[in-house]
Amino acid sequence: MENAVAHAHVEPKKPFMIVWGILLVLTAVEVILAYQELDLRVMLVILMTLSIVKAALIISYFMHLRYDRPSLAWTLMPALVFVIVMMFVVFPDSLRLYYMRPK
Amino acid sequence: MATEDTIGSLRATTETDVWNGGTSPYAVVPKKLGMWLFIVSDAITFSALIIAYAYTRVSSASWPRPFEGPSIANATVMTGILLSSSITVVMAVRAAKMDARATAAKWLMATIVGGILFDVLHIREWLGLIGEGVVLFKNPWGVPMFGASFFTLTGLHMTHVTIGVVYLGVIAWGFNKRKYNADDVEVSGLYWHFVDLVWMFLFPLIYLMSARTA
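For the protein sequence lines, the chains are A and B, in the order given.
Residue 10 in my numbering is what sits at position 10 of the first sequence, and the numbering runs on without skipping anything.
Residue 1174 in my numbering is what sits at position 174 of the second sequence, and the numbering runs on without skipping anything.
It is possible that part of the hints are untrue.
As the list claims (entries may be wrong) - Listed next, with one range per pair, are the computed distances between beta-carbon atoms: (1) Val1120/B - Ile22/A: 21 to 29 Å; (2) Ala79/A - Thr1162/B: 44 to 52 Å; (3) Phe1038/B - Leu40/A: 32 to 40 Å; (4) Leu1136/B - Val45/A: 23 to 31 Å; (5) Val1077/B - Val42/A: 22 to 30 Å; (6) Val42/A - Lys1138/B: 50 to 58 Å; (7) Trp1141/B - Glu11/A: 33 to 41 Å; (8) Thr1103/B - Val45/A: 20 to 28 Å.
What the hints contain is simulated information worked out from the structure, not anything from laboratory work.
Glycine residues also receive a C-beta, built at the ideal position from the N, C-alpha and C atoms.
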């Protein structure tokens, strides 16, 4: 049952180690940021930007999507991003409740 | 010669333009595509829960920020463990592709240890919070939904880690026994990286955004 074709290419370790290092550094940056007494909204934006960068690195390198055919990424990612963005329709309502709350 | 011709023609069809009837438009094994489709649907599940948490938090008068230094330190260590367990999977997949079966199984075992450690640290955190009186719809700090959102998000993630530990264990055992091939290791690795990816959002949103800074 061995798949001979599977042995055909072995990637170098280096890019994966670098990505691992970047992910650890970005995590440290996030933790330091949490203690900077920033406005919570500013912190949310910075933290989510860093998280999206980390997610992109994990997907591209660890999950190998960068090395697969572009057709795979084009099939999976736009639909996922679209669905997630569509979920943001609830936020005007949560903000309405926020402004209506007793002061 | 006949087999060579078959392989030759298969290669020719797979290399046809992907949008023009190539027999393998993604050039991945079917189970890898299957895992990707599962991951996309699972990502939507997690997104929906995160959005629900964000909705509740924004619309609440005041959201508790109860996590003291030790909790944040604990969660940071957990993040480091999970990130490192991803690199051990990368090493396992790499060894599997070189058909180094024992090495691949060892790297998978290292990953499993990381997963168990993550679970243990997280359960300890849970028990600490429950001890402080945080339960699903009640907590000492105010908004009752704090407990619900915390336990739902981290609980679903912990379930994924636990399932991953079992999944990788089965794959490590089966790969060593030559029941599974390198593709199976790669597909299980894909799942594990996804569990890692989800935590990259949960850690800042649940812990860092609720760190007690003052």
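Structure-based check of each hint:
{"no.": "1", "hint": "Val1120/B - Ile22/A: 21 to 29 Å", "in the structure": "holds, 27 Å"}
{"no.": "2", "hint": "Ala79/A - Thr1162/B: 44 to 52 Å", "in the structure": "violated, 28 Å"}
{"no.": "3", "hint": "Phe1038/B - Leu40/A: 32 to 40 Å", "in the structure": "holds, 34 Å"}
{"no.": "4", "hint": "Leu1136/B - Val45/A: 23 to 31 Å", "in the structure": "holds, 30 Å"}
{"no.": "5", "hint": "Val1077/B - Val42/A: 22 to 30 Å", "in the structure": "holds, 26 Å"}
{"no.": "6", "hint": "Val42/A - Lys1138/B: 50 to 58 Å", "in the structure": "violated, 31 Å"}
{"no.": "7", "hint": "Trp1141/B - Glu11/A: 33 to 41 Å", "in the structure": "violated, 48 Å"}
{"no.": "8", "hint": "Thr1103/B - Val45/A: 20 to 28 Å", "in the structure": "violated, 43 Å"}
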